[in-house]
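Chain by chain, the residues:
Number of protein chains: 2
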Amino acid sequence: MSKQLRVTFEPHGRAVFVLEGTRLLEAAGCAGMTIETPCGGAGTCGKCRVRLTAGAGGPTGQDVEFFSAEELADGWRLACQTAICADTVVSIPASSRFADRHQILAEAQAQTADDVLPAIRKQYVQLTPASLEDDAPDLIRLQEAIGHVQADLETMQTLSRSLRECNWCGTAVLSDHRLMDFEPGDTTGQCYGAAFDIGTTTLVGSLLDLNTGDEIAIASAINPQTSFGDDVLSRILYSQSSPSSAAELRKTIIQAVDDLISQLCTQASIDRQQIYELALTGNTTMQHLLCGMDVKQLGEVPFTPTHGRGLIIPASDLGLSVHRQADAYVFPLIGGFVGGDTVSCIIAAKLSQASGPTLMVDIGTNGEIVLAHDGELWAASTAAGPAFEGARISCGMRATHGAIEKVVIGDDVEINVIGNAGASGLCGSGLIDLAAELLNAGIISPMGNLLTGDDLPADLPIALKKRIKIGADDQPEFLIARGSQGQRITLTQRDIRELQLGTGAIRAGVNILLKRAGLAASDLDAVLIAGGFGSFIRRSKAQRIGLLPEDIPHNRIKYIGNAALNGARWALLSTRIRAEAESAARQAKHIELSQDFEFQSEFAQAMIFPDGE
Amino acid sequence: MSKQLRVTFEPHGRAVFVLEGTRLLEAAGCAGMTIETPCGGAGTCGKCRVRLTAGAGGPTGQDVEFFSAEELADGWRLACQTAICADTVVSIPASSRFADRHQILAEAQAQTADDVLPAIRKQYVQLTPASLEDDAPDLIRLQEAIGHVQADLETMQTLSRSLRECNWCGTAVLSDHRLMDFEPGDTTGQCYGAAFDIGTTTLVGSLLDLNTGDEIAIASAINPQTSFGDDVLSRILYSQSSPSSAAELRKTIIQAVDDLISQLCTQASIDRQQIYELALTGNTTMQHLLCGMDVKQLGEVPFTPTHGRGLIIPASDLGLSVHRQADAYVFPLIGGFVGGDTVSCIIAAKLSQASGPTLMVDIGTNGEIVLAHDGELWAASTAAGPAFEGARISCGMRATHGAIEKVVIGDDVEINVIGNAGASGLCGSGLIDLAAELLNAGIISPMGNLLTGDDLPADLPIALKKRIKIGADDQPEFLIARGSQGQRITLTQRDIRELQLGTGAIRAGVNILLKRAGLAASDLDAVLIAGGFGSFIRRSKAQRIGLLPEDIPHNRIKYIGNAALNGARWALLSTRIRAEAESAARQAKHIELSQDFEFQSEFAQAMIFPDGE
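Top to bottom, those sequences are chains E and D.
Just add 5 to the spot in the first sequence (first one is 1) and you have my numbering.
Just add 5 to the spot in the second sequence (first one is 1) and you have my numbering.
Any given hint could be a false lead.
The list makes no distinction among identical chains, and a pair is therefore deemed to hold if it is satisfied within one copy or across any two copies.
Derived pair list, reagent style DMTMM-like, types lysine to aspartate or glutamate, alpha-carbon separation capped at 25 angstroms [stated by the list, open to error]:
| no. | residue 1 | residue 2 |
| --- | --- | --- |
| 1 | Lys-301 | Glu-597 |
| 2 | Lys-520 | Asp-530 |
| 3 | Lys-520 | Glu-220 |
| 4 | Lys-127 | Asp-181 |
In case anyone wonders, no lab produced these hints; they're calculated from the structure.
This one's a predicted model, so the numbers in the text were calculated from it and none came from an experiment.
With the hints as extra help, turn the sequences into a complete structure.
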């Protein structure tokens, strides 16, 4: 295994390990920070400015064009041009970060005052005590300070006592025009919300400081419903299998989200009661199961969801324990298979405001595909399977500590492992890399066969040849690495078939949406790749396996991270953006791929890997 | 006991028994029907038109003036002029009824369509089933038929299944813009609400058909909190006596209201789940205890209530079991001792629209007094004690079956008993009658002493003299009647003191409000007496004991029934009237009598009975 280098990002101190020669742009992606690259990393736009504070290499020709001598001496570089050759410490200015939450909040604040605030706000008040001369009822006295609000019974039951015990000084917790609580003293500094992406396979939760928009904790977990079936259809079937099955599915997911809340609170050292709002996004079936709504009709033509617009539900009704008066915003839906996660991606990627034809692909167990063109939105969903999240792959795993996230094949195999640890398995981006490299090496055929013996290229390096074996069930397999425990980490023929199914499904969906809009792939101004499947997608590898059309220039392809989660975060931080989500969901045209007569042939075609260079 | 005659009112068939010679106007009041009498029963306005269908006596001179020969032959008479001399059947046209709910509803319907509806409405819909061509989400499909509504989680959880099971035809239950339920088939005919007057001593509940405004059941009970104290102050003290006392008080009242709901449903043969809304009115302390809000501060200067505006609370949060999504409207408050029942009376008596100076007195354990003059409202409350509701009176009882409700003293005592039954006790109106008659007979002195022996008038009929005895505790008592079990029903010296306290408190309050407004009693255009304390107040008797100023002509005094309950009914039937209640509550000036330096002297003065004729 070649040398791995540590790259530390300030001010957070988040660190990742990468292979020598990796670009700083990619390293930032691995660390979960997406950098602005309008030129696609060609070094021509000068947007990806970062400052190296340790481990700086010399400036490149492009660096010299964009920075003054003082700046260069001060460590300023273009992230897309900087190859890492030593342990590095780097700081990324807010202006270089893509779609940063702070930017969004700042943008929103430039609008009218009504638009800027998150639904939740806190206001510290010091009231004049009631007297015979001024004997207004307590709530009216409070309303004179904070505006007209509605109070729930539980808050009313203790309001008079609270006001007197805290000597008429305290903090009103408001959700829109609802008084959620009255807390003694000044608690305006403690105001939190949590956003969740409820994936079919993976759950991710993010804890936000609602005052600053900062993320103060993040946690993820496997969706425990996977034990009842890998994909949404199998969950729908399971929910109908006995009278208690639907409740059982609901209970497991609620418990898992509640556990994530615990982890988030522990990480940030806050109390659950200080979380005043939740935002939940997921595909239609996941949201229905979470809310305990019927899913039977989601498994039958015409696959109609119960609701379309977003829901605001007391978190306690869902069974989630945060502040007793907290609401959960559940995302609006587009259709039976195009759910809140798609809407969430649309707002995160600002697709409604896209200037030219833009394609967004959210790679997960469902591949969500949205095409924006001429003020219209087309949205579809396709069953990609969980391969990109590491499931149903023999040595697959999530993109966490120990996962092989990058593979380079030359004379032999070089890998990068998340956390600079011994390898435990292969995550989605590692799988894409590996398949692309094996295709280039001629070890996998365009039909997806893992070749052996005489079928292999004559000039295949011996080290690679040695890695190919016939496995236990008479299927060929490729040895990627030895794990930390000495175990074999391999790619099997069956793994390649899973990848082909996923790739083919997404690519077929992309092709059909382009046809509907009367566009060719080369017409696209931008292709946005979203997903929590790996740390950083390498565009050429995604194109090499046919996941993305080859005739799109690299500089138009961008990885935008976990856009579904980002959209949920934004919905928590800005009611204006929430309104955008509602309008995008109603605006988008829902393309039902399963009912499209061209889909099967596109799918069969897309399963075949492209011929390569 | 003299002869009692049955008077039956059509179309309800409600019947009462009255003494021979009683006016029909009074009999109607006893039956809970208030008749329009702008002239105060002088026979000069012609508004109290009724039609006798059995038991008609001949027409009076006034009848001849107001009716044609055909009408007279058809049984038409003025209710104020008709003395009952036989069992009678009478029908009262809607136009003759005072403040009838139907009238109110009809009035409201004359306004814009937005104003007319109760908060609750049902709409039957037949939807086009979802198809691939028309795959809108279920709630959006429903919203296309019923307009934009918010749905709660529980309704959403079963909506998709319900829609399909009922073949897309069913009834949406709406509260404002909230979808409360979706019921299979057409249930628009079954839509009910219940209004409650939560008195310190007495609870009354009324079940209304929200489609027609008809009352379909009525029930009353003693407030079980009386076992913790007679008046609001003793309840407030009790609630502070141990950590669980407040919860205990709340539990008893909630249980009692829930029992009344059972009785109402049984009477009307409907299910609790068909009650979609509640309206609750009571004095400030009763409302606070019912809602579980702190009452400690209501017992301390400056007696500030928790809320001022009306509350809308899920009935389930209150612990009342009706439709699972039903809300309870809890009345707005004016001040610590001037509560929702006063507001309720204001809207029932339309005091905000009063053209001339108008006084309203609601006689209960608290006497609520409101003065309307020149577009202003002054409101006060005074602790009258429970004597008018039959409590703390040795033989006192509520105005139900077996209660002596009328007393006439000539050579001996004549009584009328509710339900034509044997006497069991004395209700509020009977107590007022009895005291007035005993004053006239010289048996009670202006100071309120029950005279004995030589202090009695020399010419007192022997039958009356025989009724006066010295009771067990050396106190004089007057024998009113022998009960059905042969028991002695008496008025004691202590009973007279209780009556004096109640009368004095109310009269002192009235005097202070008049002073505040710069008015004399004779300036008043109207005096409206409200209360559930008895069936029908006899004006001259109320003036005889000093409860009302003597210098008000009879025709300006009207009994308007249980106005607190009526106001609650109206709030259930019309959101426009609910808005009136909110605005009246905020408009009214709260006069804190306990802090008025003149109150004590007025009170002492008013305890003395007037001199009489």
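Query raised in the report: If you check each hint against the structure, which ones fail?
Result: 3
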